[in-house]
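K.L.:
Protein chains in written order, with the working numbering: chain A, 4 to 263; chain B, 8 to 478.
Hints are computed from structural coordinates only; laboratory data are not their basis.
Among the clues, some could well be false.
[Unchecked claim] BS3-like cross-link-like pairs, simulated, lysine-lysine; straight-line CA separation at most 25 Å:
#: 1; chain 1: B; residue 1: Lys56; chain 2: B; residue 2: Lys194
#: 2; chain 1: B; residue 1: Lys462; chain 2: B; residue 2: Lys300
#: 3; chain 1: B; residue 1: Lys300; chain 2: B; residue 2: Lys250
#: 4; chain 1: B; residue 1: Lys300; chain 2: B; residue 2: Lys439
#: 5; chain 1: B; residue 1: Lys424; chain 2: B; residue 2: Lys462
#: 6; chain 1: B; residue 1: Lys183; chain 2: B; residue 2: Lys439
#: 7; chain 1: A; residue 1: Lys5; chain 2: B; residue 2: Lys194
#: 8; chain 1: A; residue 1: Lys5; chain 2: B; residue 2: Lys439
#: 9; chain 1: A; residue 1: Lys5; chain 2: B; residue 2: Lys424
#: 10; chain 1: B; residue 1: Lys194; chain 2: B; residue 2: Lys204
#: 11; chain 1: B; residue 1: Lys424; chain 2: A; residue 2: Lys261
#: 12; chain 1: B; residue 1: Lys131; chain 2: B; residue 2: Lys142
#: 13; chain 1: B; residue 1: Lys296; chain 2: B; residue 2: Lys338
#: 14; chain 1: B; residue 1: Lys113; chain 2: B; residue 2: Lys142
#: 15; chain 1: B; residue 1: Lys462; chain 2: A; residue 2: Lys5
[Claimed, not checked] Simulated restraints on C-beta separations:
#: 16; chain 1: A; residue 1: Phe14; chain 2: B; residue 2: Gly293; range: 49 to 55 Å
#: 17; chain 1: B; residue 1: Leu271; chain 2: A; residue 2: Phe14; range: 17 to 23 Å
#: 18; chain 1: A; residue 1: Ala77; chain 2: B; residue 2: Ser87; range: 29 to 35 Å
Note that beta-carbon positions come from the ideal geometry of N, C-alpha and C, so glycine has one too.
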Amino acid sequence: MKVIRTREWAFPVAPARREVRRATPEVDEGRPPLLFVPGFGHGAWVFAEHWLEHAADRGFPAYAVSLRGHGESAAAPKATLRAYAHDVAQVAASLPRRAVIVGHGAGALVTAHALARYPARAAVLLSPVFGGAGTALRNPMLSLPALFGGGLRLPAGQLFSRELPAGAARGYATRLGRASARAQWQLLRGRTPQPPVGDPPVLVVGSPDDRIVSDAALRRVARAYGGAPLLFPGMGHDLMLDVRWREPIDAILDWLEKSA
Amino acid sequence: MTYSAGYGDPESGGPATAWRDGWPVYDRSGTVCVIGAGPSGLTAMKNLKEQGFGVDCYERETSVGGAWNWRHDRSPVYSSTHLISSKPFSQFPDFPMPDSWADYPKHTQVLEYLEHYADHFDLKPHIWFGTEVVKVEPAEGDRWDVTTRSTGGYGGERIHRYAAVVIANGHNWSPKRPEYEGLEDFKGEVIHAAQFKDAAQLRGRKVLVVGAGNTGCDIAVEAAQQAARCWHSSRRGYWYTPKYALGRPADQVNDTMLWLRLPLRLRQLIAHRTLKTTVGDLTRFGLPKPDHKIFETHTITNSQLIYYLGHGAVTPVPDIARFHRNSVELKGGEVIEPDLVVLATGYHPVFEFIDGNLLGVDASGRPRLAMHAFPKRLPTLAVAGLLQPDSGLFPLVHWQMVAFARLLRMREAAPAKAVAVQRRLEAELDRKWTGAKVQGTSRHWFEISHTVYLKAIQRLLDELSLEGAVK
């Protein structure tokens with residue numbers, strides 16, 4: 004655990020306006036709030052599509068943040084991974100109760116960094132992209148432009164399973180944005196996050212048919228948190244937008260109810 | 008908390024299991040007692056809970072926030088109180104203050120922050136509000152008997168037995184009043200800064216503010232705007248640093264130098280130069296020249312005092328020699344005629360509920376604690392937040408309490424190693440945690456440098472990591 008953080012104290016992350024979407028249950032049953040963190044290029048809308056309402060229907064107050072430079076949040080062309088993690092910790096700490104953080108894709112790495120700065124009740128890493136050379140080599144055509152400051156290329160075919168109608172997939176793909184070049188670089192470098200504070204239980208969820216995250220990468224992340232991944236074969240990278248979006252979210256909520 | 012049917016103490020869920028001086032003692036088994044629900048008490052509870060401990064907190068007031076809650080009798084805050092350390096140094100390291108707040112939040116925001124912290128981590132159900140601690144006494148097996156009663160002394164007393172105790176009763180509530188010759192004959196009004204709540208108290212009066220600490224300077228600035236006349240008496244020269252330097256909060260600039268690992272001498276040189284070119288020579292306003300280099304005691308953080316000195320709205324004067332019936336004589340012979348004297352002379356730490364010998368309290372009231380927190384040979388007792396840092400206090404108390412919770416955990420998991428850690432702590436009982444040699448007056452004994460102190464905490468936490476214990 005790192006106690007002395009002179010750099011963070013001397014150079015605090017600049018404030019930014021953040022988009023937070025929410026769906027809260029009609030009756031508060033005292034369940035912990037969920038905070039969804041979208042991956043690079045994605046905005047809070049990807050969770051607002053199906054998962055927020057579904058979680059709220061099952062009694063969990065659900066929130067989704069757009070990292071700075073994404074969705075409706077303020078533009079941030081120079082944002083770093085630390086700034087993204089700051090966004091997550093800020094929103095988590097503003098919630099009425101200790102939150103469960105659910106991060107997707109590279110947002111799972113952002114979540115892992117945020118877990119070192121906010122004692123989450125639990126965390127879920129969905130199709131986690133923890134970066135490093137391995138991820139880049141698996142997806143050379145996606146990551147190559149990023150080496151030169153371009154955006155990560157995220158074609159619909161890589162993100163969704165074939166079950167999703169082509170029109171819907173194209174519609175989602177056109178709504179994608181991009182992360183800052185610096186953050187993409189930091190993702191490629193793949194610095195290991197500091198250990199989480201408050202010892203939260205961590206669940207890793209993914210699909211063996213994910214074309215961005217390999218099965219081995221999934222298992223590696225799960226092992227780092229002392230478990231095995233929960234797998235949904237046949238689904239694409241964007242679990243929350245795929246046709247069978249109900250299955251993973253239900254499994255996550257079941258896990259939370261059981262571990263509560 | 009479960010309630011037992013029928014008899015016994017409802018709080019402890021069972022009949023008394025031991026007796027002390029003819030009174031029943033209710034055993035709370037592994038639960039830890041936290042005294043006070045101010046910032047230190049709250050973070051103690053949160054971190055003990057996080058390590059799996061049960062906690063009971065006793066708070067004499069009916070709400071959380073301690074000194075930061077202006078509704079509390081013992082709160083020293085006044086209407087204009089703002090933090091003097093910027094947000095990164097002031098917030099708990101795992102619970103950031105909102106981005107939307109300014110660099111130096113106001114006291115009402117600090118209270119809001121603490122209330123939110125208590126709700127967020129679900130601490131309130133563990134707090135017994137309106138209950139004060141009367142006595143804390145050692146029991147067998149390194150455990151503690153804590154006697155409590157309703158605040159004000161109504162109703163009976165109860166004794167509970169705890170596995171450990173955290174004393175978080177604060178150190179800014181018992182006013183320190185210096186002795187002056189002739190003070191009792193003085194006809195003007197004399198108040199301590201603790202009784203200063205609002206600038207309206209100064210309006211139109213002739214005010215003498217005594218003490219050049221951060222509070223004294225704040226009150227002098229208020230008086231400069233509200234009072235008919237303001238004298239500001241200081242015994243010695245201090246370094247006054249503005250809240251902003253080089254366009255950024257000054258403490259962030261200072262930590263930039265620390266981040267660059269500049270040695271102390273160089274930091275002092277840079278700071279002297281920066282102050283010389285921005286603030287200038289303060290002796291030309293009549294302030295005494297600092298008798299020490301910067302960083303040897305904490306600097307006074309106040310941008311406005313210099314401004315009002317420049318307007319002539321604050322007259323700096325030396326120490327008080329004696330009081331007369333209608334006037335005050337200063338050292339050097341000058342006589343002034345204030346009708347209100349505000350003593351911003353600080354506070355004493357007081358631990359009225361525990362035998363001073365246990366904390367090693369000496370004649371001057373100073374306890375002897377390893378890292379200002381851990382008393383000798385009492386591994387299950389800690390004092391939280393008895394620090395005067397050159398940054399915000401909250402992050403430091405947070406880490407103190409993380410360390411204490413882990414120390415308690417290690418006593419169960421690896422007792423031999425816990426004893427070794429305890430011994431090592433005790434070997435450094437008289438160590439100071441300051442960056443430079445600190446000026447030796449009594450008020451500076453719990454002054455610390457945040458980096459030196461946190462380095463010691465880092466070492467302690469590394470020793471306490473249980474993975475290390477297994478290897």
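K.L.:
Look at each hint and say if it fits the structure.
P.N.:
Checked hints:
1. B:Lys56 / B:Lys194: violated, 53 Å
2. B:Lys462 / B:Lys300: holds, 23 Å
3. B:Lys300 / B:Lys250: holds, 19 Å
4. B:Lys300 / B:Lys439: holds, 18 Å
5. B:Lys424 / B:Lys462: Holds, at roughly 21 Å.
6. B:Lys183 / B:Lys439: OK: B:Lys183 and B:Lys439 at ~23 Å, within 25 Å.
7. A:Lys5 / B:Lys194: violated, 56 Å
8. A:Lys5 / B:Lys439: holds, 22 Å
9. A:Lys5 / B:Lys424: holds, 22 Å
10. B:Lys194 / B:Lys204: holds, 22 Å
11. B:Lys424 / A:Lys261: violated, 35 Å
12. B:Lys131 / B:Lys142: Distance ~23 Å between B:Lys131 and B:Lys142 Cα, so the pair holds.
13. B:Lys296 / B:Lys338: holds, 16 Å
14. B:Lys113 / B:Lys142: Status violated; Cα separation ~35 Å.
15. B:Lys462 / A:Lys5: Holds, at about 10 Å.
16. A:Phe14 / B:Gly293: 49 to 55 Å: Since the Cβ atoms of A:Phe14 and B:Gly293 sit about 38 Å apart, the hinted range of 49 to 55 Å is violated.
17. B:Leu271 / A:Phe14: 17 to 23 Å: holds, 22 Å
18. A:Ala77 / B:Ser87: 29 to 35 Å: Taking Cβ atoms as reference, A:Ala77 and B:Ser87 lie about 32 Å apart, which means the hint holds.
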